[in-house]
Amino acid sequence: MGQHLLSIDDLTNDEIEKIIHRAKYYEQYHPFIRPQFQNRFVANLFLEPSTRTRFSFEIAEKRLGAEVLQFQQSVSSIIKGESLLDTLRTLESQGVEAAVIRISEEGLLRKLSEKVSLKIINAGEGRIEHPTQALLDLYTIRKYFHTVKGLRIVIIGDISHSRVAHSNAALLKRLGAQLIFSGPDALMDDSLEGTILPIDEAIQNADVVMMLRIQFERQKMNYISSKESYRAEFGFTRERLKYLQPHAIILHPAPVNRGLEMDDEVVDHPQSKIFEQIHNGVWVRMAVIERALEGNLRWESLSNKEMYGIGISGFREIS
Amino acid sequence: MGQHLLSIDDLTNDEIEKIIHRAKYYEQYHPFIRPQFQNRFVANLFLEPSTRTRFSFEIAEKRLGAEVLQFQQSVSSIIKGESLLDTLRTLESQGVEAAVIRISEEGLLRKLSEKVSLKIINAGEGRIEHPTQALLDLYTIRKYFHTVKGLRIVIIGDISHSRVAHSNAALLKRLGAQLIFSGPDALMDDSLEGTILPIDEAIQNADVVMMLRIQFERQKMNYISSKESYRAEFGFTRERLKYLQPHAIILHPAPVNRGLEMDDEVVDHPQSKIFEQIHNGVWVRMAVIERALEGNLRWESLSNKEMYGIGISGFREIS
Amino acid sequence: MGQHLLSIDDLTNDEIEKIIHRAKYYEQYHPFIRPQFQNRFVANLFLEPSTRTRFSFEIAEKRLGAEVLQFQQSVSSIIKGESLLDTLRTLESQGVEAAVIRISEEGLLRKLSEKVSLKIINAGEGRIEHPTQALLDLYTIRKYFHTVKGLRIVIIGDISHSRVAHSNAALLKRLGAQLIFSGPDALMDDSLEGTILPIDEAIQNADVVMMLRIQFERQKMNYISSKESYRAEFGFTRERLKYLQPHAIILHPAPVNRGLEMDDEVVDHPQSKIFEQIHNGVWVRMAVIERALEGNLRWESLSNKEMYGIGISGFREIS
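Chain order of the listed sequences is D, E and U.
As numbered in full-length UniProt numbering, residues 1 to 319 make up the first sequence, in order.
As numbered in full-length UniProt numbering, residues 1 to 319 make up the second sequence, in order.
As numbered in full-length UniProt numbering, residues 1 to 319 make up the third sequence, in order.
Any given hint might turn out to be false.
One copy or any two copies: either way a pair holds, since identical chains are not told apart in the list.
[What the hints assert, rightly or not] Cross-link-like lysine to aspartate or glutamate pairs, in silico, EDC-like; alpha carbons within 16 Å at most:
(1) Lys173 <-> Asp189
(2) Lys115 <-> Asp264
(3) Lys115 <-> Asp268
(4) Lys143 <-> Glu276
(5) Lys115 <-> Glu97
FYI, nobody ran anything at the bench for these hints, they're computed from the structure.
If we strip away everything but chain D, and leave its shape as in the complex, we get:
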């Protein structure tokens, strides 16, 4: 029985570990795996524009051998007034087993998940959840650090409107990270536990600097007086690279507003792992789709020895 992925909170620590483990298996062996999901259908329903995440899921699905249906709102019968529930029930009647959904409305996915038998994968939900992004960020962090426990992870930008921030905060807090937030006061989120610091100090203290995208489309821009002043006060500018510790890594969910939240020199800095995050997203999503289609992931696919042998350590130390 396949499983939904609606929220980071739905995953046990053991399940998180299995997804990371399985993703590493796919990264390592993808040229050799057989297309295990041939003749099985997954639909990608992106009700908000997306290229990167949509392609990441599509590549993951196709590497697994699944058949992919693309749903684009502008050319769909949602314009006929059809509800999303009826669309999902239609898809499952047609034999579709999983739906990857991006949606701006918050809370709808969970309600839908109780009424359908196909499995829903949350690919971005309003301001609240983006679980596969948090999982791929975790995967990337784990490539550079033995464990998340005790890591000082700084999240910088518009915390309050960011689903990336919310899913990551939930995941990393649970795994024992020490969270620090930075950004305009009006864009902080009181509901999240953590320290708030000015950006210079935040970077100085960081093992991981997680920058957020300024979401022009999802917030009132009157929080921000001007791009120049935002960059100067809250952006990761080239001048601020001097605060970065030599072992720290820089993350961003992409696409970057270059020259706003990050300067080119920071995006392209050797300690920036932005394109590696994108690379890692494919393997993590392969694991998430396998979980949606097959249910609980198996441990036995890759021995601990193999995992250690390829440069990742600490994989069983999560708690």
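Chains E and U: place on chain D using the hints.
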């Protein structure tokens, strides 16, 4: 030699029976069939918006192993003023063997079919034809009744603008059904043979209640004074469920305007087979695509005994 | 190591010959070749509308067994202000090995090609380059003539705004053709070497008549006083068929503005090879994609004897 499917009238009774038979074969054995049409190309040209039917065809094509090209008017060179004939001739020059077309203009498909060698499958044509919908409705009806002959089939709603009604009326009349129509006087179609009854009486008399979608986009809404009054006078409301015979089934081509032509309680009623229709559509369309690519369908793929053994009877009794 | 295809000028004569040779191999043997690029990804990024060329590439890619990603500007995150460079770096991080790009901006593709590791195939660039169109035109010409050397090739229409004209002129000139241009004075291009003749005389002298599409979308129409006067003065009308030599062939990149640059009788004339060009495009693009994914094409796949045996001669005589 593959064959067009432009109209129900083009099919002999024997061909209809073969399509139903073959669809049942695909429903029964689809997990085990090999992808027989690998490296063969089908194009889906939906010149009117569609999700359900487009996905149904796409899934059918992919289950057969065919390669699928998606054509969307908004991003195509029809905006360059290219004619549909030149588009089809282009596609056939590129090796495409069949085109599934939805179009509002009536009569064009037949003219085109005489000038191209690729095979055209009508996926909805103006107000006049939707042959695969009628075939999947027949398939669904045949799952519940031994034969169509003598069945009282009630079609309710906007008959005059409905291609579903026209294709179904042509098919079911020919197979011996007794047709009853119901709906606003202005939306009846004098050219169709059958009895016209008020909705309560129509439902009381029905073995099959076939509801139609109110096509906001294809008619002048001034036929309808208000949604509330339409629902009260012509809709299948929860109150009217009391008229439904215990053996009768309810069909609708979907998507349903819930609360207009049908109440939620009717859509989700145990005797409603709406999502089963959608399910059946995939198998019927697999047969239609096979016919387009290969020509006449074979009988021998499934024995009569097998067909009877899986709960369908009367399959050879058509006349 | 795969290779970009940005411009005809990047190809050596030997490489051109190999592409033609390989295309013939695919035309001859495509039903029997195995899908050699399974689990390898190509993205089609058409930033200008296209049906014909996009489908041609998609079919070529799928015939090779590659996985295809479709990128449509209207639903992409380019609307988020993401640069094309970041899109390409994203795609290559996700495992995409080649990108087929159509773009109106001139010169950008070359700059991008120096910054990415995936291979770029130019599918139409502003007014300057459309190398696969020129290659498929060459392939078509070579089916009817022993060699390009000495052929009188007439290009008629809006030379100055046509990327088809520019790529073809560069290719055919180099291979020894004698170029003649015809069309409105304001739409000639002084930078191209060749004779300018009135259309009647041009057709009389032609071994190959290459008509261009009037690009309403890419030029100021005030060059043209009216459609009627353009057709009369510069179009290939039915009346001008009398000037056509019996051995000459007519080409057009399509889609044709019927009744403007060409009359129906010319499009559908036996000496018109327009739909054969479209057919040939698939094989040529298969060779170009193989080159992008694998690097230098092999000679050994088809013997000269086989090539001659199937009606093409002069294949090694290019110089």
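Hints, one by one, checked against the model:
1. Lys173 <-> Asp189: The answer is within: 15 Å in one copy meets 16 Å, while 66 Å across copies does not.
2. Lys115 <-> Asp264: Classified as between; 14 Å across copies, 46 Å inside a copy.
3. Lys115 <-> Asp268: between (45 Å within a copy, 12 Å between copies)
4. Lys143 <-> Glu276: Within one copy only: 10 Å inside a chain, 48 Å across chains, cut-off 16 Å.
5. Lys115 <-> Glu97: Close inside one copy (14 Å), not across copies (40 Å); limit 16 Å.
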